[in-house]
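Using the sequences and the hints, build the whole thing.
Chain by chain, the residues run as shown.
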Amino acid sequence: MGVARYFTVKAINLSLVLVAVLLLTAILFGATGLSDKILKAIINEEVRAYRAQLASQHTGLSEEEINKMVSNFRKSLEVQYGLDKPWYVRLPEMIRRIVTLDLGTSKHMTSFSGSNRIKDIIVERIPYTVMLVTTAVVIVFIIGLGFGTWLSTKVGSIWDRGVSLFSAISYATPTWWLALLLILIFSYYLRVLPYGGLLSPNPPKEFFPRLMDMLYHTILPVATLVLALSGSAIYIYRSILVSTANEDFVTVARAKGLPENLVLRRYIIRPSLHPILTNLVLGLAGSLTGAILTETVFNWPGMGRLYYEAILNIDEPLILALTYVFTLIYVVARFILEVLYVVVDPRVTVE
Amino acid sequence: MSYERSAWKIYISSLVGKAGLILLILMVVISIYVLATYPLDYGIRVWSNPKAWADNPITVPPAWADVFTGRDLVTHYITYTNKPVRTVDIAGLKFKVYELKYTLSEDGFPTSLMVKFFNVTLNTPGGAYFIINFTRPNGDEITLYSFNVVPPSGSELPYIAFAGNAKIIFLSKEQSVGIGLMGYMNNHYHLNLTLDEVNEIGYNRLLFGEPLVSSKSVEWVPLKGDYSVKIYMAGDPKDSVGLIKAVFGGESYGWMGTDDNARDLAQGLLFGFPVALAIGFFTSVVTTAIGAALGIISGYKGGRIDEIIQRISDIVYNFPFLPVIILIVFIISRNPNFPRILAIIGAIIALGWPGLTILIRSMVLSIRESQFVEAARAIGASDLRIMFKHIFPNLAPFIFAQMIFFTPSAILTEAALSFLGLGDPNIPTWGQIIEESFYAGAVLNGWWWWVLPPGFLIMLAAITFVFIALGLEPIVNPKLQER
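For the protein sequence lines, the chains are E and F, in the order given. FYI, my numbering numbers position 220 of the first sequence as 1639, with every residue one higher than the one before it. FYI, my numbering numbers position 480 of the second sequence as 548, with every residue one higher than the one before it.
Keep in mind that the hints were calculated from the coordinates and are not lab data. Misleading hints may appear alongside valid ones.
[To be verified] Taking beta-carbon pairs under 8 Å as the criterion, some of the chain F residues facing chain E (in silico):
| id | residue |
| --- | --- |
| 1 | Leu-259 |
| 2 | Leu-263 |
| 3 | Asn-386 |
| 4 | Phe-387 |
| 5 | Pro-388 |
| 6 | Leu-395 |
| 7 | Arg-402 |
| 8 | Phe-406 |
| 9 | Met-455 |
| 10 | Phe-456 |
| 11 | Phe-460 |
| 12 | Ile-502 |
| 13 | Ala-508 |
| 14 | Leu-525 |
All C-beta atoms, glycine included, are put in the ideal place defined by N, C-alpha and C.
Take a look at the structure:
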């Protein structure tokens, strides 16, 4: 299988996921009448603008004439948006709206710059979520590989059993509760780290101090995610490395008298990277989930916190858009990892 | 030795298996106790009903919190009476005297004092007159409050006042109490205080404390000893009081403290046990049943059916779990008549089955080619019979272990949804208790007893099933045993 074909297959599979989520959301919103509600809100917005424009430009018009023109305008809009047709006829149009985030405005929430368009609100938050998740995933990967390698040389020891217990406990611990626990300890009792947010109330203006302030606020959210995810990462990486270490080619390498360091690097870690990456791919959904909840607790201005606020304010279009963007990010991240796959696994390119 | 017995031996020999089983038994026992003693509509009738908690203190830690504070916290105390202790003559009027006793033994001030009257029976149109006095440990009696109760004109006698709603007097807030205390402090301690000063100090400190006067300042220290609230009632001799309740507000409450609605957290936490078990059990059983059935069908039947099931399970398996589940539960919950708990369970099932289907399918593919399946087919067994009688029993232990392993993720997902504000408002769960604490700013105020125990219980419930699953692993996966 050539690289191009491999990527095409992967891309098609992942796009299918995206399409399925889009279809699911569009059907859910259509069947429950929520898509009508969203469209009506968009139309109301346009009608209001039209009325204001009429009133200011044609001062000679009577109240009655304006009302008539406005109601005609509303009717034409309803036809234009397809509100006169049943929801399933409008499915493709609805999907187009979701894909382009053309979902009107939010009732209660605004972007940092003050816009209340759904698109503006979400787009500016994406980097913060991506930053948080990426940092955490990279740290977890490093910790997992480091400790996992170390542990794989100590199978059956007290350390080994301790880590397996730790991994079971960290699996059972709700990430968001861990976040609350850490805030209680480090912010409320020890008063060494901030409760949450991205910056201090009066953040410094210069670039470097501002960056430091942001890093200071990043410590606890990242620490929470790392603590929550690293337990199982260490344990799984260790198991993968142990099973590679039992392979015949490792025994042969040792028999050849290669230095242990080289055996570890070239004969154990390198072939293990492939299953480890598979694991990273599967763990990505877990990291995103963890990020949604952690952002909520730390008032981190990403999409996860936005979810919480949208639920509190019962903001349907925002939730719809968030689900789509999360799925999109997930699919894109999966694809990037698939590319990495090819880099670490030469078998894909051969043949 | 039979398979079952050897399997049990292997299971019970593992430490985590034993720990998991003990924890599970503990949770089941607690759940049975809760189901036997709580009403089934507890969430609506008690937990979300402010009247049920009216006598409790607000956001106080549990009684054992004094381990951390280093001094005894004043315990919340409620006492009531409906029998007068004696009658006295004052200025020609006959008064019935009700007495409510209290002993302050801790080194602190009760946070509040509240008296409630229920069902006052009046036999004359003139009604009755009440005086509330307060006795301090040294025997001094201070008049705090007085009021009249008169039946509405034209009402039938005897008239019962305060039948539906109790008459509630917050003695630690009423201004007349402040004035009474001002006079008492002047007479007894020669301390001249203005009403503003009294308000600032807090009536509870004046009621239950005494001043330590130094050259510069006045410090209030708690006065330990026996107190009583005396209620004098004058009216027709036949007039009576159904119940008088006095609430001495504590700095601590019960086993688990209270939240900002004065709810006893111990009750909510206990109620969470059967709920968590039910959600975990029901969700994992249905998810596993669907996942396994589809996996067996897909693997055994092959062809078009296999293709369809594989495609769908592959797509659903790759959904970002939480965002999609949030969307589904959120949309279904827009319909207030639909039980939210079913929406949550349904959504977890809808997204949870594909993992098992993919696993089971690959296992069935190899079993399908085995001789006993071929033999069954040769003697003309139907597909359904082969899948049920020949393939399923071979996979049953594995499927069971997967069911146990899925339980914690069901419990954790419900908790996460509850934390995001999508929980069922009629059924209190641990996740919802934490959500409420988060919303009320519990971490900013250091109300640890409201945040930590529910999360700890979620963890405990999840780890119970993780342990059991780990204990089952060597049985299901015999290869591990050899290592």
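Tested hints:
no., hint, result
1, Leu-259, "violated (38 Å)"
2, Leu-263, "violated (36 Å)"
3, Asn-386, "holds (5 Å)"
4, Phe-387, "holds (6 Å)"
5, Pro-388, "holds (4 Å)"
6, Leu-395, "holds (4 Å)"
7, Arg-402, "holds (6 Å)"
8, Phe-406, "violated (11 Å)"
9, Met-455, "violated (28 Å)"
10, Phe-456, "violated (31 Å)"
11, Phe-460, "violated (27 Å)"
12, Ile-502, "holds (6 Å)"
13, Ala-508, "violated (12 Å)"
14, Leu-525, "violated (10 Å)"
Comparing the model with each numbered hint stated earlier shows that hints 1, 2, 8, 9, 10, 11, 13, 14 do not hold.
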